[in-house]
Amino acid sequence: MKSIKNQGSNLCFGIIVIVLALIPLLYQCGMITASSTILFIGKCMSFAIVAIGLDLIWGYTGILSLGHGLYFALGGYGMAMYLKLQSTGGAITDFMHIGGLTELPLIWKPFQSLPVTLLMVVVVPGIVAGLIGYFIFKNRVKGVYFSIISQALTWAVYSIFIALSPYTNGNVGITDIKSVFGSIKGNMNFGNLMILFYVSLIVLILVYAGAKFLVGCKFGKLLIAIRDGENRTYFSGYQVSRYKTFVYVLSAILAGVAGAIFVNFNGCITPSQMTISYSITMVIWVAIGGRGTIIGAVIGAFLINLCEYQLSSGGFVEIWQYVIGAIFCITILFLKGGLVGIVKDRTRCKKKEKKVEGRALGVNS
Amino acid sequence: MVQFINTLFNGLSLSSIILLTSLGLAITFGLMRVINMAHGEFVMIGAYTTYVVQNLFAGIFPSNVQWLFYFIALPVSFLITFLLGSVLEKLVISRLYGREIDSLLATWGISLILQQAARSIFGTQGVNVTAPFFLRGGLTIGGCTFSYNRIFILLLVALCILGVYMVMYRSGFGKKMRAVMQNRPMAQCMGINSRKVDNITFAIGSGLAGIAGCSVALLGSIDSTIGQSYIVNSFMAVVLGGVGKLVGTVLGSGIIGFSSIFTENYTSSTIAKAVVLLIVIVFLQKRPQGLFVIKSRSLDE
Chain W
1 MKSIKNQGSN LCFGIIVIVL ALIPLLYQCG MITASSTILF IGKCMSFAIV AIGLDLIWGY
61 TGILSLGHGL YFALGGYGMA MYLKLQSTGG AITDFMHIGG LTELPLIWKP FQSLPVTLLM
121 VVVVPGIVAG LIGYFIFKNR VKGVYFSIIS QALTWAVYSI FIALSPYTNG NVGITDIKSV
181 FGSIKGNMNF GNLMILFYVS LIVLILVYAG AKFLVGCKFG KLLIAIRDGE NRTYFSGYQV
241 SRYKTFVYVL SAILAGVAGA IFVNFNGCIT PSQMTISYSI TMVIWVAIGG RGTIIGAVIG
301 AFLINLCEYQ LSSGGFVEIW QYVIGAIFCI TILFLKGGLV GIVKDRTRCK KKEKKVEGRA
361 LGVNS
Chain Y
1 MVQFINTLFN GLSLSSIILL TSLGLAITFG LMRVINMAHG EFVMIGAYTT YVVQNLFAGI
61 FPSNVQWLFY FIALPVSFLI TFLLGSVLEK LVISRLYGRE IDSLLATWGI SLILQQAARS
121 IFGTQGVNVT APFFLRGGLT IGGCTFSYNR IFILLLVALC ILGVYMVMYR SGFGKKMRAV
181 MQNRPMAQCM GINSRKVDNI TFAIGSGLAG IAGCSVALLG SIDSTIGQSY IVNSFMAVVL
241 GGVGKLVGTV LGSGIIGFSS IFTENYTSST IAKAVVLLIV IVFLQKRPQG LFVIKSRSLD
301 E
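Residue numbers (the numbering used here), protein chains in the order written: chain W, 1 to 365; chain Y, 1 to 301.
Warning: the hint list may mix true and false statements.
Calculated pairs, BS3-like style, for lysine-lysine (alpha carbon to alpha carbon, straight line, at most 30 Å) [what the hints assert, rightly or not]:
(1) 221(W) to 196(Y)
(2) 245(Y) to 286(Y)
(3) 221(W) to 142(W)
(4) 175(Y) to 336(W)
(5) 286(Y) to 176(Y)
(6) 138(W) to 221(W)
(7) 245(Y) to 138(W)
(8) 245(Y) to 142(W)
(9) 221(W) to 90(Y)
(10) 221(W) to 109(W)
(11) 138(W) to 286(Y)
(12) 336(W) to 90(Y)
I should point out that these hints are in silico values taken from the structure, not numbers from a laboratory.
Assemble the whole structure, with the sequences as input and the hints as a guide.
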């Protein structure tokens with residue numbers, strides 16, 4: 001039974017990958033007319049990566065972070081700083097001029113070279129999350145308290161980012177940048193877009209496989225144990241806070257990588273990617289797709305964003321907010337497993353399901 | 001000296017505003033363990049209600065009694081958010097007791113809907129409420145100016161705290177409420193209708209948000225994001241004070257408000273707020289339960 005379930009999700013991911021791989025080819029055949037669609041799908045891939053990270057920490061470990069936008073933006077800004085310096089040739093940017101700076105600030109200097117930038121994209125979110133996670137989890141702050149603190153933290157960093165406009169260009173963010181592989185706009189640069197697209201796809205596949213592996217081994221079982229009975233896990237002799245910190249750092253790194261990919265496709269990064277509401281939007285993807293399953297996070301990220309893209313471009317922006325609010329609310333209230341949960345319930349035989357549920361209730365009360 | 005008194009007054013004023021928005025949270029979060037992310041949107045509804053009442057008044061009554069609108073707006077805001085809170089509790093919250101994180105997320109969905117509703121009805125442009133004549137200007141004593149609307153908000157907060165205190169500790173309903181929050185099964189055994197108590201408690205918390213919205217409307221323009229700007233500070237005030245204690249919330253708001261204003265003397269106001277929040281987060285590492293702790297032997301508090 002279990003193997004069939006696992007096979008099902010891998011099969012599903014395989015189909016998604018094949019469809020994604022075909023998209024640039026379809027564009028070349030003329031089946032997809034707008035190149036903006038490809039850019040959008042590229043962004044969706046980065047969203048799927050951050051959703052996987054969020055699912056590891058929320059769906060598996062039960063820690064709800066309302067601040068993953070922070071790490072997403074940290075990775076994004078790191079990448080954007082490199083790309084901006086590429087386009088100015090290492091000289092200082094126009095917004096620094098306006099801010100009154102005469103030479104490149106120290107924090108911008110490491111981003112002049114690509115290898116250091118790629119390292120920073122991983123290391124900076126990792127270190128920030130490591131510091132925060134180490135202290136918070138060591139002091140056994142948990143549940144909603146963690147959520148509220150992560151939310152306040154995101155808000156504080158967001159305000160500081162806006163206030164330090166000579167370094168970050170404030171509300172406008174870093175704009176007018178090309179991708180790592182050069183410009184991706186226009187037909188003659190289609191080759192660059194293809195490379196970027198397939199590199200991102202490979203990253204997504206690697207992240208999925210890695211997450212699947214982690215969840216499948218003993219470590220994954222421990223995460224679930226922490227989610228379902230933290231104190232029992234302590235009593236069994238595990239250093240719960242270390243596991244929590246590790247998975248928090250891991251998901252922050254994934255968010256940073258996702259942010260870096262996002263910038264390449266988006267062509268700019270603004271502090272709005274750092275806000276609380278953006279962070280909770282990420283949680284919405286995971287919740288609707290199905291928390292506690294890696295494939296659920298991927299499906300949620302793609303599905304929600306595709307729906308939003310379709311509706312927003314059709315002039316249904318107003319309705320979209322109502323729809324997403326209502327769907328999210330209903331998912332939380334009635335469908336704990338999200339979309340994947342519905343499919344799972346269908347395939348499982350009902351009798352067994354009832355039995356398991358009854359036993360779980362007995363333990364809780 | 002004059003500057004010091006001004007700083008002190010500004011601190012008191014900011015604390016009172018934070019306290020007003022977090023008082024309702026202290027009840028819903030502290031007593032009921034429900035994280036109401038839509039609380040900020042209830043503040044927004046209160047503010048918009050004030051705006052609507054003002055416009056209705058302008059259409060019906062002569063201009064010399066215009067100032068009365070504010071005193072009508074206060075109870076109307078309370079009532080509307082009270083009823084909305086009651087409905088929300090019935091439809092959503094009552095299914096989520098004991099699932100704190102889920103209550104947070106579900107109410108976020110609600111807040112998305114409410115924000116969009118505000119945008120659909122009132123537009124994205126901010127609207128303004130003109131303060132009644134007696135709240136314009138300020139009181140000047142020895143070079144210090146105390147603006148009337150801030151003094152008024154201070155009085156309003158004092159009144160609200162007194163009201164909440166009376167309801168919680170000096171009334172029959174408050175007794176039932178505390179009984180249900182402390183030991184639900186035992187309270188039910190004594191014949192208390194716990195579902196009804198839950199409903200009214202949540203509604204009171206929401207109603208307080210409405211009053212907060214009414215006073216926030218005096219301070220600046222109203223738009224659909226007005227609630228979001230207060231909610232982070234309010235949550236931190238409740239957590240800092242210690243969940244479940246009203247005194248804690250008062251102290252928590254005071255600390256956040258005063259330290260924000262004092263830090264503002266050295267840097268810009270946004271950075272000051274951010275720095276204060278970071279300091280509070282560091283402090284919470286030292287005392288994760290907040291300033292006032294309810295002693296409990298249970299493991300999973």
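Hints not upheld, ascending by number = 1, 4, 5, 9, 10
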